[in-house]
Every structure is written in structure tokens, then in C-alpha cells.
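Chemist: The primary structure of each chain is shown beneath.
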Amino acid sequence: MKQTIVSPSPHLHSSLSTRSLMRDVIIALAPAMIVSVLFYGWRALMLLAVCTATCVLAEWFITKFMLKRPDTVGDLSAVVTGILLALNIPPASPWWLAVVGSIVAIGIAKMTFGGLGQNIFNPALVGRVFLLVSFPVLMTDWALPGGSWNLFGPSVDAYSGATPLGIAKEGLLNGMTLPEIFAQHPEFTWKEMFYIKAGGSTGEISALALIIGFTYLVCRRVIKVTIPLTIVATVAVITAIFSAVNPDVYTGPLFNIFNGGLLLGAIFMATDYVTSPMTTKGQIIFAVGIGIITVAIRYFGSYPEGVSFAILIMNCTVPLLNKYCKPARFGKEVKNG
Amino acid sequence: MKLKTFKMGGVHPDDSKISSGAAIEELPLPQTAYISMAQHLGAPAVPAVQKGDSVKVGQLIATAGGFVSAVIRSPFSGTVKAVEPRADLAGNMVPHIIIDVEGDEWLPEIDRTPDIRREITATPGEILAKIQDAGVVGLGGAAFPTHVKLAPPKGKTAECLILNGTECEPFLTSDDRIMRERPEEIILGAVIMMKALGVDKCYVGIEENKPEAIAAMKGAAAGYAGVKVVPLRKKYPQGGEKQLIDAIIRRRVPSMGLPIDTGAVVQNVGTSLAVYEAVQKNKPLIDNTITVTGKCLGSQRNFKTRVGCTYAQLLEAAGGAPENAAKFISGGPMMGKAIVNLEAATQKATSALLVLTEEETLRKPESNCIRCGKCADACPMGLQPFLLSKYARAGKHQDELEEEKVFDCIECGCCLYTCPANIPLLDVIRPAKAEVIKIMRSRPKQ
Amino acid sequence: MTTTILYTVLCLVALGLLFAVVLYLVAQKFKVEEDPRIDTVESLLPGANCGGCGNAGCRAFAEKFVKADGEGDFFCPVGGNETMKKIAGALGKEAVEKVPMAAIVRCQGTADKCARTNRYDGYASCKVAAALYSGETGCRWGCIGLGDCLEVCQFGGIRIDPRSGVADINADMCTGCGSCAKVCPRGVIEMRPKGPKGRRVFVSCVNRDKGALTRKACTIGCIGCGKCEKVCPFGAVHVENNVAYIDFTKCKLCRKCVDECPTHAIVAANFPPKPQQVAQPNTEKQ
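Protein chains in written order, with this note's numbering: chain A, 1 to 337; chain B, 1 to 446; chain C, 1 to 286.
Since the hints were derived computationally from the structure, they do not count as laboratory data. Honestly, I wouldn't trust all of these hints.
The list that follows gives simulated cross-link-like pairs (lysine to aspartate or glutamate, DMTMM-like), each with its CA atoms no further than 25 Å apart [said to hold, decoys possible]:
| id | chain 1 | residue 1 | chain 2 | residue 2 |
| --- | --- | --- | --- | --- |
| 1 | A | Lys323 | B | Asp14 |
| 2 | C | Lys216 | C | Asp259 |
| 3 | C | Lys182 | C | Asp161 |
| 4 | C | Lys85 | C | Asp39 |
| 5 | B | Lys2 | B | Asp14 |
| 6 | A | Lys326 | B | Asp14 |
| 7 | A | Lys332 | B | Glu366 |
| 8 | A | Lys68 | B | Glu366 |
| 9 | A | Lys323 | B | Glu411 |
| 10 | A | Lys224 | B | Glu102 |
| 11 | C | Lys67 | C | Asp35 |
Only chain A is shown next, with the shape it has when bound in the complex (with noise of 0.2 Å):
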């Protein structure tokens, strides 16, 4: 007879991997690809596909020759660094400039700390600080990238150059008030950041795509809406409150809401397993530390955009706050001799 298999309960496993988890999170950022893609044209189309494969192969690279341990490609989370490192940089990016930042955020970020699961910081948020600290011209430069498939043509010349912003930061720093500056771009009402917006990193063109994946992900319980759902409430609560007092210097809610990269850093950054806290409790704290910081940074630091920095800060927080957050316990504890 053939030899039985003999373990410890349960006998059963769920259907859920390291790999399946890791496509959902491809899934959901399909909407977000797809429109950078028509935006953007063949330009996104390069930057995904020169991050993806930079990452896979910088990891495949790094456990086969460095490591020497199985790889761990198959897990797929290399493919998502590189989906979101592309997402999170311009679209005119050059290629190298891909190139660096994707072996930044694999070989640095992820893979000294001993691959998935180990790092402490998100690895595509490395690569894009890196760049940015290193690259600052190049990295903010929201030139459109010239031609092909571009199917929203028109509407986009009007934007080219900044994001909306930095529009508001620089027009702040030259002396200007908000409402003179908003009078100059009648463009900045929120159904158009909501749908589609021009200027940004590739990914942040279009709200209602990241919120489509946002829906995904929360049906699918790869992510629970704590975080986002946090990030994006303290926010609007703290620049609600600052706009009331002074709405000449102070922009409003909506509009920090649907700029720049707190959508996609909310709902595909800070909710990475890995660098977040796993405990309710904990999410919270967190998320309410990204929210606070990235606010400051908008509204008194001297880059436009905040959210990278944020969530990099926060999760430094993050080993503290799984030590201090406990789940609630089963039964309060009595003495039973």
C-alpha cells in the first residue's frame, strides 16, 4: 500500500498564498496601468515594463548568485515593487532612471533585509525617495511626454508642467493668495481631479481608478479599509479645519484629497503588509501618522508632495507599534487558583 501522509491538525489550507495575494494587488492596479497607459501612451507602457522587469530581475539576480537560496520571484512581490515604482514616478521619466530605482528598491530596500517579509521600509517608496533626493530635476519634471495614443489629447496642454500642487505651493511662495490662484486654472474643480488629471507620477492621473482597485482589494479582504479609510479622514479633517481658518493660504480637503499621490500611497502603499502594523489598534496610530505628517510637509515643508516621506516615517513606527497594540483578548482574565 502507498504510504499515508500523517501531520499535526489541520488538514486542511485555504486557497490563499503569498502568490495569490500578490496577484489580487496586480489586479487591482490594472485600472491605474490601463489609464496611465492611454494617457501616457507607450511612454507608461516603457516605464512598467522596464520597473517590473528590473525588479524581477534584480531579485532573481540577488537570491540566485548572492543569497544563494531559492528564489522567490514566483511570489510575485517583486512584480508589484515594480508595477508601483513605476506608478509613483513621471511619466517622462528616461528609462535608466527606472532602471536605478527599481534596484534601489530591490536590492537596497527589500532584499539586504533579508527579502520579502523582512524589510522594514516599503521598497518602492525607497526607490522613489531615492530618486528623488538624487535625481530632483528629473524627478519633477511633469512634462508630458511627446505623441502616440494619446486618446485625451486636448485637455492636456493646459496642465503640462506642474501638478496642481505644486501650481499652489509656488503660487503661495510668490505672494499670491489661493483664489487668485485657482482663478488662474479654471481647471482645478474636482470632477476633473476625480476622473482624470494631467501632471503627477504616472499613476496618480485618474482617482476613480485607484478607488476601482481600492474595491477590489477591500472585496477580495486582501486589505481591510482601516488604513485608507484613516489617511484619507484625518486629512480631510486637518485641512478642513486649516482651510476654514484661513482659506487664503490653506487649500481644502477635496483638492488634497485628489491630488498628488495620497490615493495611490493610502491604498497600495501604506496598506503593504509588511511595513504596517497588523493589529486594528495599531492601523490607526499608523495611518493617523501619515495623514498628520503628509499634511505638514503639503502645507509647511518645501516640496509640494508629502505622502512618500510619510509613509516611510511611519513605518518606522511600525516594529513599536506591533510591540505595543495588542489585539483584544477572548475573556478578561480572572484568578483561578
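For chain A, the structure is supplied; the task is to place chains B and C on it using the hints.
Modeler: Relative to the frame of chain A, chains B and C by itself:
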């Protein structure tokens, strides 16, 4: 209306109740039977017969080995062939009484008629004595002696009885079948236990995936005051005592506490049936219903089985094991034990023989923890399995494990079931829990 | 400009002084008086922190040793007599000599001798498997081969041959700390004196089942026949619970029992090979 369920954690495995359509059949008597002396929680029973003795069905063959222990009465008539150690399902040697089965001769005082005896004349004291004398143990899995559970310790009083008909483990259908086929006898058993406990409320918790059982039990309960059937939302491990109490009366058993601390006593529906038979029909616990199931099997069956048949006999009665059968499990797939030795004998609390193929059961290779926290979300006790397993694997972290309440783990397997990285969480937590509890017990009491 | 620098310097100097005072006070308050000899003793110990002496590590051993002033039952199995002599000398005492020990695996149930009846699919730990069931073979006493001993060995002296599935101890690397013997859930590993030139004779089986059962499970197990007991001229061998045991305090390494054993369960390790003897696989534990 939203159905009740327990609030914390839990998972939703495919319930696979493929054998629920099969009516209960009698398993033919074997030629030789093997009665284990360790088929209940607590001290093993002490054999009271010797080689060569002839026994009848219902005759006492082993006495209780301590306060928390149960007597064993013979499920067969015949001659005692030997009293010796024999391998149990895990391959460990346990004392058995081996009986050569001859005919089927019952003790005369046992009422074998199918009539339902509704009149309860026994006093609470007599009820407990009869249950103890019949060797009734909890049939939900742990096989805790029922008479001990029905006598709350001093200073604690019972407020209600909860019958556990949840059968939350996938595949199992034996409780479902007895609830459909013998609902009134189960309710009578509950009424008897209510009398013994001195309570006037009884809730019967049944999961929604057994509509026929809910209907049958509701119909039977209609005639009895205080007995209420509570349909529950399907979620594993609803059948855990602590989870069931939380689901039905919304009270939580304290950490390190007992269910009685909430005023509830939980009994399985199978136990209730055994109590009815013991008190009203003088029939000791000598048989139980065992599901033989598995997607790879040709036929799905529910057998009324005398205690002491072998798993091999059950398997043969259901048509034998197919070529691709890889794992045999006694009990459900979440908490059941893998069988090493199919020649091992069934016990009082055996609920199923489950056959799984390699594709269904083989574990996938372990990968890095991605800190998704799904194990903590799934844990019905609010523990953090990833942390417990980390401590347990590192070794020598008993203090931290105690602080993280490893002793609260009910070993339901939700963490290991869920883990996307296939980390053997429960495998490593289980021995760590045993170690910590041993250390805690060894401390002087204050 | 100069005032700015001046203020900066002054500020930093003031802060530095302040912290120095605070640190000094804290250090005074939490000062722990410690016997300086503890450091001396610790530096003489091997520093493997193996726990073989029964303490949490070398430091803990040194503390206890100094506290008891070198009196009592202290022995570092790793460092052996030489180390004991040194640390006793540091306290001005004489060390008590002990026989050097080595770990041996009392099981030869390799895959070819002891057939596998099932496949274990849980966490690869002997402790977990032993708590679950009787093991992958028909023998519920022998080596499980999942390597708990290998995990605890600080000296890299144990390996599990993937083909045989039985732990194998490298006698040259074994320091006799005894960690493996403590961790083995089946009690298969025993600490025995290293013996002259590493020579020792022992029964390499712990199966307490009756002979017939043992034989069914494994072809090289001790069946408790008692032939070795009869042949031993020194009364060193005794069969108890169906398994023979050679008392190393009485054994004179004559190897009569080795030739007598019908199942070759008795092992004579590190002897020069006898030409007339039937070759015994797996006896040379190198």
C-alpha cells in the same frame, strides 16, 4: 434577520457536507473487537475482566480510574480474548480489552424497543448516577466525562444548558443525521440534563447549513418548555465551547476560566442522546454515529457503530479506500487526528473517518512571513499566532509566551489554515502551550 | 558672527557638563557590586553558552561558581578537566577530575533496516512529531531524524543523513555538553565516557517492545534475547524492559557481546576492524 455567531476571529472553510444525505445504517458486528481503556479525558479505565471471561452487551468491563474518568461497558457479547496493550490510531500502545464476538446477547435490563419514553421519573441524583454508571462522555471530541460536567464545582451555579449541534467542522454529518432522525430523543436528553442541573433554559445551537436538522429539532422542541433552537451563522470554530457560549448568550468565558463561570453548561447533541438512552432506557454508551466520508470515496455513509470496531472495518463497509487516498483522519479536517494505524479501534467520541487525497491535504512549502496579520484576524481567542510561533521556534521564551496568553489557544487550527505563507503556526504553538501550562501548574498556588 | 559661534560653543559646553553630571549620578545610583573574579572565570570558560553545565550560559556558570567559591558539583563538560583546573586555580582551589564524555546515538534504524510506513508532513521537529504519534517507522522508540539535536548542537557535531534518516554524531567535534541528549524527545542519545582512544561498546537500540514486535519493525533492533547478558564475563550487561544495556562502569571492552548479538544491535566503536568478523555497517561513527 441576521443570524447569531461568535464575534472574534474564525474562518470559513468549504463545509463539504457531502454525506448529509446518507441515512444512518448499522455497521455489522465484527469478529473481534478492541476496547481501548483510554477513550475519555482523565485517568484511563481499569479493566475489570480477565482473559476467558464471557461478557454480555452492557456488562461492566472496566471501572473508572479516578474522579475524572469513566466506566466502560461492553458493546459486544462474547469471550475476552486478552487484556493487553495494542496500538491506537497514533501508533502508541494503550491497554485494550480484546473480545471475540459471539452472537449479540444483551443484559436483560436494557430497553431495546424503539419506543420513546417521555416520562422522567429519576431524581437529579439518580440521573447523575445513571449517567456515570453508563459511562457517558462528551461526544463532541474531547470525551470529557459527562457526569463530572453536569455537577458544577462548589460556588458555581449553572443558569442554562447549551446543546451543541453546530457541527462546524467540514465533512462531518453524524450530528446532523441524529438531529434529523432522532430529534425528540435528543431534546428529552436535554430535558433530563436540565433537571440534573436545576436550570429551566436550554438553547440548541445549530448552524444554518443544516436546515433539515433545524426544522426537525424545532418541531421536537415545541412540546418542551424552556428548550429553544437557535440557528447560527456558519463559521468555524463555532462548536468550540467558548465560541458557542459567546454566540448564543453573549458572555465570554474568562481567560483561564471554565464555561461554568458564565453560567452555561455545554453538551453535544450526541451526548444528549446518550444521556437519554442511559437514563430512560438503561442503555450504556456502547455505540455512536460515525461518518465515513471523503471526496475521493465512492460512497458517503453514516454508520451507527459499536465502540471498538476498527477503522479498517468502517472503510471496508463504505467500499474501501481508493488508489489516491493519502490521509486518513479520525474526526474532522480541522481538529481531527491523522490515523497511522487503520487497525486501531474506534472510541466513544470518534465522530468520523475522513479520507483525503494528497492534493487536498499535502502542505505547501513554507515561505517568509509577510506579516499580513491574517492569523491574528482568524484567531477566535484574539491571540497573535505569528508572535507565539516566533517565540516558540526560538525556544526558551516561556515568559513571553505566558504574557501573550499562549495557554488560551484552543488549537482550532484557524491560523495554520489561513496563513498564506504556509507557516506551521499551530504545529509549533501546540508544544509551547503544553510547556507553559506545565510551568504554570508547577508553581505553588497562592 | 563671532558672538554666534561663542554662544554655540558655550551652550554645547554647558550641555556637555550637565549630561556628564547626570550620567555620573545615574551610574553611581545603579552601580552593581560584582566580584571581579567572575570576569576572570568567565574569560577562562569556552564561551559557547551551550548550557551543557545546566546553567543559562557561561556567565551564569561563572557567577554560580564564584558564589559557591568553587566548592560543589561544578563541571564544564565542554572545557573538560583542563578548563576546570584553570578556573579552580583562579580561585585558588583544586579541581575534581571527571571522565570526558561523548554523546552516542542509540539507534541504527536507518531507512534500509527500519521500513518507513508513513510520511510525516508537519513541522520538521522531533518534539512536534513525537507528541503527535509513533513516528514514520514501525518503531516508536528510535530516532525520528527531524534534527532537534542538530539544532541545539553548538559545535556542529551532528548531522542527519538524508538517506538513512538517523542522527549521526561526529565524535571528534562532540564536546560532551549533553544538550542533544536533553533535547531528544525519545531519549535516544546517551552520554557515555569517551573511552580509551574513543573505543566504546554499547547497545545501539532503545526499543522496549517485545522481541517479536521489535523484529517486525526493525532488522537491527535489540530483541532482548539476553545472549549478551549471559556471555558477559563482567556482569556489565543487563536486559531490562526487553532491551539490553551495557553498564560502562563495568564494561572492559572485551566485545564478546558484540559477536554474540544475533541482530547486530551492539556496536563496538573505533576498534580496529577484525578480519574474521562480519562487516557491520554504520558502526564506525566518525
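Chemist: Each of the hints needs a verdict: does it hold here or not?
Modeler: A quick look at each hint next to the structure:
For the given pair, lysine 323(A) sits about 34 Å from aspartate 14(B) by alpha-carbon distance, which is inconsistent with the 25 Å threshold. Between lysine 216(C) and aspartate 259(C), the direct Cα distance comes to roughly 22 Å. Compliance with the 25 Å bound is thereby established for this hinted pair. Using a Cα cut-off of 25 Å, the hinted pair lysine 182(C) and aspartate 161(C) holds, with the two alpha carbons roughly 21 Å apart. For the given pair, lysine 85(C) sits about 17 Å from aspartate 39(C) by alpha-carbon distance, which is consistent with the 25 Å threshold.
With a C-alpha separation of about 21 Å, the suggested pair lysine 2(B) and aspartate 14(B) falls inside the 25 Å cut-off, and the hint holds. Annotation: proposed proximity of lysine 326(A) to aspartate 14(B) is violated, straight-line Cα distance about 30 Å (limit 25 Å). Restraint check for lysine 332(A) and glutamate 366(B): not satisfied, since their Cα atoms lie roughly 34 Å apart, outside the 25 Å limit. Under the criterion of a C-alpha separation no larger than 25 Å, the hint pairing lysine 68(A) with glutamate 366(B) is consistent with the structure, at around 17 Å.
Taking the CA atoms of lysine 323(A) and glutamate 411(B), the gap is about 24 Å. The hint holds against a cut of 25 Å. About 63 Å separates the Cα atoms of lysine 224(A) and glutamate 102(B), which puts this hinted pair outside 25 Å; it is violated. About 9 Å separates the Cα atoms of lysine 67(C) and aspartate 35(C), which keeps this hinted pair within 25 Å; it holds.
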